[in-house]
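Construct the complete structure from the given sequences, taking the supplied hints into account.
At position 165 of the sequence shown the residue is numbered 165 (my numbering), and the sequence of numbers has no breaks.
Source of the hints: derived by calculation from the structure; they are not laboratory data.
Please read these numbers as outputs of a predicted model, since none were measured by experiment.
Hints are all accurate, no fakes.
Derived EDC-like pairs: lysine to aspartate or glutamate, alpha-carbon spacing no greater than 20 Å straight-line:
{"hint": "1", "residue 1": "64", "residue 2": "308"}
{"hint": "2", "residue 1": "184", "residue 2": "266"}
{"hint": "3", "residue 1": "64", "residue 2": "301"}
With beta-carbon atoms standing in for the labels, derived distance ranges:
{"hint": "4", "residue 1": "310", "residue 2": "35", "range": "39 to 49 Å"}
{"hint": "5", "residue 1": "180", "residue 2": "153", "range": "38 to 48 Å"}
{"hint": "6", "residue 1": "53", "residue 2": "151", "range": "29 to 39 Å"}
{"hint": "7", "residue 1": "146", "residue 2": "107", "range": "49 to 59 Å"}
{"hint": "8", "residue 1": "210", "residue 2": "108", "range": "51 to 61 Å"}
{"hint": "9", "residue 1": "161", "residue 2": "104", "range": "37 to 47 Å"}
{"hint": "10", "residue 1": "262", "residue 2": "104", "range": "34 to 44 Å"}
We put the CB at the ideal spot given by N, CA and C, even for glycine.
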Amino acid sequence: MSVPSPLRVLPSPPNATAGIPVSNQTNETFCTSSQQVVIPGELFLTLGILSFVENLLVVAAIVKNRNLHSPMYYFICCLAVSDMLVSVSNLVETLFMLLLEHEMMVVQPTTVMHLDNAMDMLICSSLMSSLSFLGVIAIDRYITIFYALRYHSIMTIQRAVTIIVVVWVVSSISSTIFIAYDGKAVILCLVIFFLSMITLIMGLYIHMFSLAHQHARRISSLQRKQSAPHFTSMRGAITLTILLGVFFICWGPFFLHLILILTCPEKPACNCYFRYFNLYLILLICNSVVDPIIYAFRSQELRRTLKEVVLCFW
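Here you go:
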């Protein structure tokens, strides 16, 4: 694909440059090489196909089972669609690059540039919507716990659909603006968005965990058993650790990359970190693989429907 501009947020995987300023001889003395670490295109393809199949099964199961036609599962379905778009955009771009590298396709440079911009917009939009729906799911679970009796009046189908439409529209418009107008202001907006979502998701899940812990202690004091709250707390802490741990591992390196572009684009240490940008893209695709396991496959009803969907193809 074409070489991205110096501040392009989402360069083309897997062999494109990271879209960051590369320092001169100082960087070469600090790092063994100033070149991007190359991730095999086959790895992008494999993870992309796995993510696509997983999330497609989730969407099919939710559409098939009328019992899953509720706001919570609508949000999970939209998260799966967002992750599918991440996979599809990376698959298409990787395949296109491999065809160009092996000279199996001859395309005009302008066509390559337009396709690159289109894929970047799709990737950026799907990443933003995926991150947004993670936040929406956290809010929905928070309302389920703290406003259980009023949940169905607060989170109606109409409101859920409105939220979904707003997320998709804002993500699409924002990604178009971000790709069309490269610059530090764009990266700053993305970083602020990411930090806001981190604060929101962490705050909501930690508050929910603390409430569950207090509830378990009250039940234990009434039953005069001390083992129950410890077990519940450990289980809740493990779930919380998995949720936030996966979130930080998959999203953290990518947005740290953006933060370093803003704060120290010329320093050797930062340039060494920039070399691994393609690895950070791999982590984002891995997040698309893990999301169904965390948010969808834990539902017994959805797992049962998934088995029915899978059996239909045999």
